[in-house]
Amino acid sequence: MQDLVKEKPFKPLVVSFCCNWCSYAGADLAGSSRLEYPAEVKIIRIPCSCRVDPLFVLRAFQRGADGVIINGCHPGDCHYSTGNYYTRRRMAMLFSMLDFIGIEKERTRLEWVSAAEGARFASVMNEFVGELREMGENKRLGDIRCKE
Amino acid sequence: MQRIGAFVCWCGSNIAGTVDIDAVTKSAADEPGVVYSAEYQYMCSEGGQLAIRRAVEEHGLTGIAVCACSPRMHETTFRKTAAAAGLNPYMVEIANIREHCSWIHKNRESATEKATILMRAAIAKLNLNKPLFPGESGVVKRALVIGGGIAGIQTALDIADAGYEVDIVEKSPTIGGRMAQLDKTFPTLDCSACILTPKMVDAAQHDNISLYTYSEVDEVSGYVGSFSVKIRQKARSVNRELCNGCGDCITKCPVKKANSEFDEGLSKRSAIYVPFAQAVPNIPVVDRENCTRFKTGKCGLCEKICGTKAIDFEQQDEIIEREYGVIIVATGFKPLSPERYGEYLYGQSPDVLTSLEFERMMNAAGPTGGVLKRLSNNEKPKSIVFIQCVGSRADAKKGKTYCSKICCMYTAKHAMLVKEKYPDIDVHVFYIDVRTPGKNFDEFYRRAAEQYDVNYIKGMVGKLADEDGRLRVIASDLLDGKQITIDADLVVLATAVEASPDVRALGTMLTASMDQNNFFTEAHPKLRPVESPTAGIFLSGVCQGPKDIPETVAQAGAAAVKALGILSKNKLIGNPCIAESNELLCNGCSCCENVCPYGAIEYTEKEINDHGNRNNRRVAQVNEAICQGCGACTVACPSGSMDLKGFTNRQIMAEVDAICRT
Ligand SMILES: Cc1cc2nc3c(=O)[nH]c(=O)nc-3n(C[C@H](O)[C@H](O)[C@H](O)COP(=O)(O)OP(=O)(O)OC[C@H]3O[C@@H](n4cnc5c(N)ncnc54)[C@H](O)[C@@H]3O)c2cc1C
Ligand code: SF4
Ligand code: SF4
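Chains A and B, in that order, are what the protein sequence lines are. Quick note on numbering: numbering that gives the first Met the number 0 labels position 85 of the first sequence as 84, and the sequence is numbered without any gaps. Quick note on numbering: numbering that gives the first Met the number 0 labels position 135 of the second sequence as 134, and the sequence is numbered without any gaps.
Source of the hints: derived by calculation from the structure; they are not laboratory data. Possibly wrong hints are sitting among the right ones.
No farther apart than 30 Å at their CA atoms in a straight line, the calculated lysine-lysine pairs in the DSS-like style are these [said to hold, decoys possible]: (1) Lys525(B) <-> Lys10(A); (2) Lys525(B) <-> Lys404(B); (3) Lys10(A) <-> Lys105(B); (4) Lys267(B) <-> Lys303(B); (5) Lys525(B) <-> Lys570(B); (6) Lys381(B) <-> Lys183(B).
Sample of chain A residues with no beta-carbon within 12 Å of chain B, all distances over it, derived [what the hints assert, rightly or not]: (7) Glu35; (8) Leu54; (9) Gln61; (10) Phe99; (11) Glu133.
Restraint-style ranges between C-beta atoms, simulated for each label pair [claimed, not checked]: (12) Ile319(B) <-> Ser95(A): 33 to 41 Å; (13) Ser122(A) <-> Gly341(B): 25 to 33 Å; (14) Arg132(A) <-> Asp441(B): 51 to 59 Å.
Where a beta carbon is used, it is the ideal one built from N, C-alpha and C, also for glycine.
Isolated chain A, as found in the complex (with noise of 0.2 Å):
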């Protein structure tokens, strides 16, 4: 009986954009070191973090995510030498302002993950789910029209 009154859980969805050469490769290293994440979690593929133009970010949010979280190499680490600077850079704006738009910034995140470093990749990962999970669902941006 009880659980026909349950509520289903919330499932936040969550954007996860990762670099080619560092955080992708630390997502493949989390998969091939069998390291639990939640399912939420879909991930694209992009050359640099410094690809990820603050548009998809706001995208996502309209289209309904929950949580936008961007991945790049170690600062000094980037494949391109200073992509994630300009990523850093470009976030920390980006993050600044979405309170403005309705959206609380703790929904984004920026996160350093190199190539070895499954094990942080699916800690981060389950960290940010949990914290979403909390926060519940993103209505403010969340374009209803958008929800099918």
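Using the hints, position chain B with the ligands against chain A.
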């Protein structure tokens, strides 16, 4: 409209064990553009690839979506399959449903749901894929080696022997590097000069090798296959063609008080000098800072004595411009200066030496003619203390965090050499750990400790004290925790191997990345140890990290082989996933140029036909051979003109949309 085939891989039970393959395959069929979907046990196998090729033929597919393992694993495989099926290899997208799904999730339902979404994103992207064609560029068949130590010499010889031209740029007046300064070398104790000098001569006499000594790299532009480099050949004040190396000028020069760099300042040299007798080339250099003629305008004795009229005080630095297909960095190291550690009295007591200074002192051609003595009173020492790990394995504030790798071995060598020559001298070595991995290395160290009766003490030296002319070494014994003191006549510090901070400028010029310790970074720590992440730049020797000579030589050969891999090609095939500007949208603002780490963006004044409006505009143009495809410019571009092929704005947005379509 694309005609997409979706192929879902079981990867045996790796994927099929957690993901409902049938469900994914079925829902793939409903995705836009998909005309065919199938599953297979092992997509990457011969049979799987054949199935893809057949499907392309039978269903007239224009694009292939593979739901399988990581694209880092098999993207190339499936691109080749596409090409074999007559498609453009870039009409392939991969959904990573193994590493990013089946391997990390246990719940079949949610794993299947996620796999479906990843498949959907790949298909959404693929719908927007366009055939891409990699650019081609030529290869200049010449290599530049920067640094003429044993690493640079070996790399140059290997490339030259394979039939290609090599230039060595060495900043000091001679090639040879640190190895030329060493007395004997571990683990065989053969004389360093005896094995190095023939190689130096080989390099100088090789038809394919040109030496630019007393020279530095001033400017680098271009890219793999065609680098353009400005070399500054510093003024020697001696005409290289006329000088016959007689050395009369050196004997005549009245200035005798300049510090010899080669002897680490333990001996003096004249103002006009060759660093050491076997220097290559054997052409003197006037050290303008110490030369009387340059200081006061008087003297000029060398000019008068020189029979071939080779002295040229008016000589200027010469800039030489050369083209290269590849560049090999071999800039080596310098030992850390222990002056910053006051507790060791280095610089305060003449009887505290660095290992390199000790190496010079033990050398028959060195400052003391190979006689071991205390520089304070010229007496023979009765007791010597060696201190290992000076500046190595320290915390970042106090020194270098890494192990310098060679000090345990050369200290064992020094201890043995002392005992061999002077069996009556007491030799003590303070170590934290003795690290001797390497062929015949541990045997070597044990010989020092056991047969030569060297007193190895696991201990940390706290400080040295000058006690009536002797050096009291105060240390704590790490094994029993007690304090010990040893009175020594000579103390030798095994200082850390450090990359010279000046090479950072070179790294910037080459856009080759370096670590926090100024060592050059390799493209992959395990699989690509001699390549820099920047295409066409290779690493040889200690510039990449501490190494002994055998390892340096092995790495030097490896770098040569990698470089030859490029030199032997007539053209290079580029990566087609690079930036592209839309001239109609570009407003010539330079935002993209400012962020490009490679300087790949140029501007041209061009007539643009903007919907019938013709006008001349400054527009961005991406140099295909230089662009590495990072995408920094695409985000910086305010007008939406710059886009990245293979990862276009629309493609990434489509992936975002597909993932969020719940
Ligand atoms: C005290 C001591 C004892 C040692 N004993 C042994 C031993 O017994 N056995 C052993 O195997 N190894 C020994 N080694 C290690 C050995 O010296 C090194 O492995 C070897 O010298 C590394 O060669 P390299 O060519 O990489 O660097 P280096 O010898 O440092 O040569 C680098 C060269 O590049 C030049 N250069 C630097 N910057 C530039 C620039 N910007 N432009 C142009 N040129 C530049 C330098 O002038 C130099 O000639 C010892 C080292 C020390 C310090
Ligand atoms: S001119 Fe300079 S180099 Fe020549 S002899 Fe005089 S001091 Fe020496
Ligand atoms: S993609 Fe990167 S490398 Fe290519 S032009 Fe843009 S900023 Fe330069």
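List, from low to high, the hint numbers that the structure doesn't satisfy. 1, 7, 8, 9, 12 and 13
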